[in-house]
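With the hints as constraints, model all of the structure from the sequences given.
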Amino acid sequence: ATDAEMVAGMFFGAGSLLLAAGLLALRLWMRGQLVRRSRALQGLSSLGELGRLSVLRRPGRSLAVVGMMAGGVFLVTAVNAFRMSADADPRQRDTGTGGFALIGESSLPIYENLTSKQGEEAFGLDAQLMAGVKVVPFRLREGDDASCLNLNRAQQPQLSGVDPKLLAERGAFRFAAGKETGWKALETPAGSEAAIPAIADQATAMWGLGKGVGDTLDFVDESGRTFQVKIVGLLAGSILQGKIIISEQAFLRCYPNAAGYRFFLLDAPEGKTEAVSAHLTRQLETRGLALESAERRLATFQSVQNTYIGIFTVLGGLGVLLGTVGLGVLVARHVLERRGELALMQALGFLGGALRRMILAEHAWLLIAGLALGWVAALAAVWPNLQQGSGSLPLGTLALLWGGALLLGLLVCAVAVRAALRDRLLEALRRE
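Okay, so the sequence shown: first residue is 1 according to the working numbering, each after it adds one.
It is possible that part of the hints are untrue.
Each pair of labels, with its calculated beta carbon distance range [stated by the list, open to error]:
(1) T181 to V314: 37 to 43 Å
(2) A21 to V220: 49 to 55 Å
(3) A290 to G124: 17 to 23 Å
(4) E180 to T226: 25 to 31 Å
(5) E180 to R333: 38 to 44 Å
(6) A131 to T226: 42 to 48 Å
Below, a list of computed lysine to aspartate or glutamate pairs in the DMTMM-like style, where the Cα atoms sit at most 20 Å apart [what the hints assert, rightly or not]:
(7) K134 to E341
(8) K134 to D163
(9) K165 to E270
(10) K230 to D218
(11) K272 to E292
(12) K272 to E120
(13) K230 to D215
(14) K134 to E121
(15) K184 to D215
(16) K134 to D94
(17) K165 to E187
(18) K230 to D163
(19) K134 to E274
(20) K179 to D94
(21) K230 to E142
(22) K272 to D145
(23) K134 to E270
(24) K134 to E169
(25) K184 to E169
(26) K230 to D145
(27) K134 to E112
(28) K179 to D215
(29) K230 to E180
(30) K230 to E187
(31) K184 to D163
(32) K134 to E105
(33) K272 to D126
Hints are computed from structural coordinates only; laboratory data are not their basis. Each residue gets a CB set at the ideal place from its N, CA and C atoms; glycine is no exception.
Shown next, in the form of structure tokens:
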């Protein structure tokens, strides 16, 4: 695991421990309040204070509701911090697109440089349209798809070779690990017997392969000999998912008979992207070239990851919903158990509306405590991820969730109170 991943893991664990510590602190506070009240024997200054004291008498039930609410909010908030969002300007080099306009792959190898005179003549390219277009070609060795589009663990990922200088001089892509050396880390001496350095997308390494920086992968060269590739860098949320990238020089040492290039990243002037894509696809139809917008490819990868996050969001939302329903059940049970007490208060002159407000207020703080505790613990868990910029909190969605949970909780409490006090309380007092 990378240092960043270790820090994120520690913070996530710290957030979980903070959640547990918060519940324990709340339990001790409840016990302390009861002991202090019983020793002081002092009067109560308001109905709200009386209501809070009533909740403190059964801390187990109260903590169960707070814990359910806090756990749901923690899960929803923490998971959504890893939601991928589109870059503000996909043409910036330090983004998931690397600043490239197009990404493509061909069925058959292409030997010619598409931006050279030879390439123009070989494929009948329009020199005027191709002006300003630059291509970064990759050699490919077929393998399993290790991107997030493949639900299975890749056994032999696709290996690709590129001239690292072409990417280094552009400052292409944002590194999640190994940014100190960047693409220059792929450059190795020709006679080196050590493991070949490689760079991969973070999602590919972590989820598709179960690897991190410093881990190695075994490949077989043309002679049938096994060689190792060592991951030295990880890209943050890039269009290069599914590929293990080494230098072209190292690639040709292992596969000297590899023919041409089959994967391409293209720079194209803004406003000409669609025209360039259509022109190259048409002219290189015999090679099976398929081009796609780099921004669209990145959005496809992000949508898959966000789908998984959405599933956990639903699970967390169910936790919040169960906590809210549990709060309503708790309110109803408290009221039913205290009907005699409430009837006596009504006989002493307290109005029914005042009693309902008291019960609602005494349980509202449980709702607020659960939401606040879950939010604080989640913020502690995801703080490193937010600092690194590899995710962003959808504040609008979360604000709606928190506000909805608060309103729903208050509504459930109000309904439970009204239902429990539906019968005449004085009748209960007469029966006692």
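- Item | Hints breached by this structure | Hints 5, 7, 9 and 22 contradicted; others consistent.
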